[in-house]
Amino acid sequence: MDSVKTATQEMMNNMSELEVEVDKSKAPVGTTEMEAKNVSVWFGKRKVLEDVNMAFPKNSVTALIGPSGCGKSTFIRTLNRLHELIPGAALAGEVLYEGSDIYAQNVDPVHIRLSIGMVFQKPNPFPSMTIRGNVLSGLKLSGMKRSDHDDIVEQTLTSAGLWKEVKDRLNAHAGDLSGGQQQRLVIARALAVNPHVLLMDEPCSALDPASTLKIEETIRQLSKEITIIIVTHNMQQAVRVSDYTAFFLAEENKPGYVVEQGATTEIFGNPQDQRTLDYVNGRFG
Amino acid sequence: MATDTPLRDLSGGKRAHRGDRVFNRTITGAAFTSLVVLAGITIFLGAQTIPVLQDQGLSFLTTTVWDTTGVPPEYGIAGMLYGSLLLAVIALVIAVPVSLFLAVFMVFLAPAKLSKILTNLIDLMAAIPSVIIGLWAFYVLVPPAEEWQQLLNQYLGWIPLFANDSGNFSGTPFMAGLVLAIMMIPIVTSITAEVLKRTPPELINAAESLGCSMWTMLRYVALPFGRGGIVGGIMLGLGRALGETIAVFFVLKIVFDINFFNILESGGGSVATLIVSKFGETNGEFEVQVLLAAGFFLFLGTLLVNALANLIVRRTERLRS
Numbered sequence: 036m037d038s039v040k041t042a043t044q045e046m047m048n049n050m051s052e053l054e055v056e057v058d059k060s061k062a063p064v065g066t067t068e069m070e071a072k073n074v075s076v077w078f079g080k081r082k083v084l085e086d087v088n089m090a091f092p093k094n095s096v097t098a099l100i101g102p103s104g105c106g107k108s109t110f111i112r113t114l115n116r117l118h119e120l121i122p123g124a125a126l127a128g129e130v131l132y133e134g135s136d137i138y139a140q141n142v143d144p145v146h147i148r149l150s151i152g153m154v155f156q157k158p159n160p161f162p163s164m165t166i167r168g169n170v171l172s173g174l175k176l177s178g179m180k181r182s183d184h185d186d187i188v189e190q191t192l193t194s195a196g197l198w199k200e201v202k203d204r205l206n207a208h209a210g211d212l213s214g215g216q217q218q219r220l221v222i223a224r225a226l227a228v229n230p231h232v233l234l235m236d237e238p239c240s241a242l243d244p245a246s247t248l249k250i251e252e253t254i255r256q257l258s259k260e261i262t263i264i265i266v267t268h269n270m271q272q273a274v275r276v277s278d279y280t281a282f283f284l285a286e287e288n289k290p291g292y293v294v295e296q297g298a299t300t301e302i303f304g305n306p307q308d309q310r311t312l313d314y315v316n317g318r319f320g
Numbered sequence: 035m036a037t038d039t040p041l042r043d044l045s046g047g048k049r050a051h052r053g054d055r056v057f058n059r060t061i062t063g064a065a066f067t068s069l070v071v072l073a074g075i076t077i078f079l080g081a082q083t084i085p086v087l088q089d090q091g092l093s094f095l096t097t098t099v100w101d102t103t104g105v106p107p108e109y110g111i112a113g114m115l116y117g118s119l120l121l122a123v124i125a126l127v128i129a130v131p132v133s134l135f136l137a138v139f140m141v142f143l144a145p146a147k148l149s150k151i152l153t154n155l156i157d158l159m160a161a162i163p164s165v166i167i168g169l170w171a172f173y174v175l176v177p178p179a180e181e182w183q184q185l186l187n188q189y190l191g192w193i194p195l196f197a198n199d200s201g202n203f204s205g206t207p208f209m210a211g212l213v214l215a216i217m218m219i220p221i222v223t224s225i226t227a228e229v230l231k232r233t234p235p236e237l238i239n240a241a242e243s244l245g246c247s248m249w250t251m252l253r254y255v256a257l258p259f260g261r262g263g264i265v266g267g268i269m270l271g272l273g274r275a276l277g278e279t280i281a282v283f284f285v286l287k288i289v290f291d292i293n294f295f296n297i298l299e300s301g302g303g304s305v306a307t308l309i310v311s312k313f314g315e316t317n318g319e320f321e322v323q324v325l326l327a328a329g330f331f332l333f334l335g336t337l338l339v340n341a342l343a344n345l346i347v348r349r350t351e352r353l354r355s
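First to last, the sequence lines map onto chains U and C.
FYI, in our numbering the residues of the first sequence are 36 to 320.
FYI, in our numbering the residues of the second sequence are 35 to 355.
Treat the hints loosely; a few may be bogus.
What the hints assert, rightly or not - For each label pair, taking beta carbons as the anchor points, the in silico distance ranges come out as:
no. : chain 1 : residue 1 : chain 2 : residue 2 : range
1   : C       : N154      : U       : I121      : 19 to 27 Å
2   : U       : S103      : C       : L155      : 38 to 46 Å
3   : C       : L143      : U       : D186      : 37 to 45 Å
4   : C       : E228      : U       : G123      : 19 to 27 Å
5   : U       : K199      : C       : L155      : 54 to 62 Å
6   : U       : R181      : C       : N154      : 45 to 53 Å
7   : C       : E228      : U       : S150      : 35 to 43 Å
8   : C       : L155      : U       : I121      : 47 to 55 Å
9   : U       : V142      : C       : P145      : 21 to 29 Å
10  : C       : L155      : U       : Q256      : 50 to 58 Å
To be clear, the hints were calculated from the coordinates, so they are not data collected in a lab.
A virtual CB, placed ideally from N, CA and C, is assigned to each residue, including glycine.
Turn these sequences into a full structure, and let the hints guide you.
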């Protein structure tokens with residue numbers, strides 16, 4: 036029991052350290068990396084998302100929060116054109132990446148997905164590949180030619196906070212890693228193709244608290260260089276890692292929409308909408 | 035150290051429930067039935083084979099003579115054994131790519147409705163009796179297929195495989211292989227589609243988010259994931275091709291000499307078809323035994339192919355993990 040207590044204590048300490056590090060009042064400076072304009076989404080005849088407008092400043096972390104089924108994951112999938120791969124999916128509006136519409140006729144979705152990487156809820160390394168193979172798989176799958184493979188492997192695994200744990204067994208199978216390690220491996224894999232934006236769809240929901248903390252550290256580190264958009268059901272996580280927060284909500288049988296968005300400190304400290312206040316205080320959802 | 039604590043008897047748990055006990059015995063019994071049947075076939079055929087081998091020696095397997103009236107009569111099934119294998123290979127070469135394409139189309143490309151219709155049609159195709167396929171091939175497929183063979187020969191005849199000196203394109207190994215391929219396609223397609231459908235969606239997600247095309251997703255994710263199952267499906271199809279009798283009977287001209295690789299030349303061999311075509315005209319017990327001995331070696335061959343396939347599947351699995 037004592038050891039459990041100590042571990043918990045240690046974790047709490049780590050968390051508070053993290054919170055100190057994070058400057059959550061970071062004002063919207065610099066350029067806009069991505070922007071969603073009047074985005075509405077349908078699956079078949081059912082409208083699931085209504086008129087979302089949101090800007091993502093360069094090198095910031097934006098958290099999308101809200102109850103299940105309110106369209107957060109759907110929204111995030113419109114940002115790198117994964118949405119369109121679902122049969123019956125439709126979209127209205129514009130998604131701008133570095134100023135140009137990613138849904139324009141002449142845009143190759145493959146290029147978009149390489150610039151805007153994604154990490155999913157369940158860690159999904161390729162089980163038949165080695166750790167090294169997984170990191171490099173993005174290059175292989177997309178046909179990118181790069182010669183400095185060893186450097187890429189070391190760099191991205193370091194960025195993902197996994198290098199120290201796996202550097203001596205890069206040729207081991209990815210399936211041998213723990214869930215948390217697999218998720219960081221997947222982050223390294225997404226980073227290897229050099230994206231400018233990383234989308235994360237509940238990246239910690241399948242992980243234990245210690246692994247979650249490691250991923251959050253990774254997110255903070257990465258946000259110095261890339262823009263991150265993260266869907267999370269964990270309020271504390273949103274507070275810990277994000278600069279901005281958007282609160283999504285869907286009434287029964289109605290499409291989801293954004294109730295309120297802004298600096299994370301504002302959304303959690305001084306929300307303008309009663310529903311936001313209720314949600315961030317755990318009163319519903 | 036509590037090493038002195040005695041081990042507990044845990045076997046009681048397995049015996050506890052009476053329903054479970056009955057169920058377990060039934061299942062075990064059913065499982066053993068298949069072994070008993072297999073053993074029964076082997077013993078029966080083996081017993082018939084011994085006198086044939088005693089009389090004919092190994093030349094039964096290595097020669098191509100079939101002289102029922104000679105003194106003494108001589109029998110050799112080398113051409114038949116080789117022919118069965120050749121037909122299976124031709125069928126594989128045609129059926130495997132077609133089945134893979136069809137399965138990929140059904141699982142990843144076709145709209146849901148079309149995919150469902152195709153799945154049902156293909157399952158239906160697998161249920162067509164082989165005698166119907168044979169009759170259909172004889173009346174409908176053979177005339178145009180002879181022209182296709184002529185075209186193949188005309189343009190690719192410089193390759194020995196497609197040579198034809200006689201000008202006779204009927205009853206060729208290619209024709210029989212084509213019919214076997216038609217019979218294999220539903221089996222291989224159905225199993226391959228089932229396996230591809232099981233590709234974990236999170237792996238497909240991963241591949242898509244890494245900007246890969248449909249082709250690379252298949253090559254690096256779906257096909258490696260399903261490799262064991264797909265090879266298994268191909269082997270099931272191959273089993274059908276090796277043992278198929280009636281459909282081949284309609285389209286292949288049986289000759290005892292070995293037709294090594296002239297697949298567009300009239301005449302080839304097939305153990306199963308040999309048995310069915312000679313069975314009605316046997317003269318005396320020994321000739322029946324000769325045919326049963328031929329069956330024994332066909333049986334042995336299919337077992338061998340299956341064992342080999344298992345080995346391949348297991349080895350690729352081991353290389354992966």
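A quick look at each hint next to the structure:
| no. | hint | in the structure |
| --- | --- | --- |
| 1 | C:N154 x U:I121: 19 to 27 Å | holds, 24 Å |
| 2 | U:S103 x C:L155: 38 to 46 Å | holds, 39 Å |
| 3 | C:L143 x U:D186: 37 to 45 Å | holds, 38 Å |
| 4 | C:E228 x U:G123: 19 to 27 Å | holds, 24 Å |
| 5 | U:K199 x C:L155: 54 to 62 Å | holds, 56 Å |
| 6 | U:R181 x C:N154: 45 to 53 Å | holds, 47 Å |
| 7 | C:E228 x U:S150: 35 to 43 Å | holds, 36 Å |
| 8 | C:L155 x U:I121: 47 to 55 Å | violated, 26 Å |
| 9 | U:V142 x C:P145: 21 to 29 Å | holds, 25 Å |
| 10 | C:L155 x U:Q256: 50 to 58 Å | holds, 55 Å |
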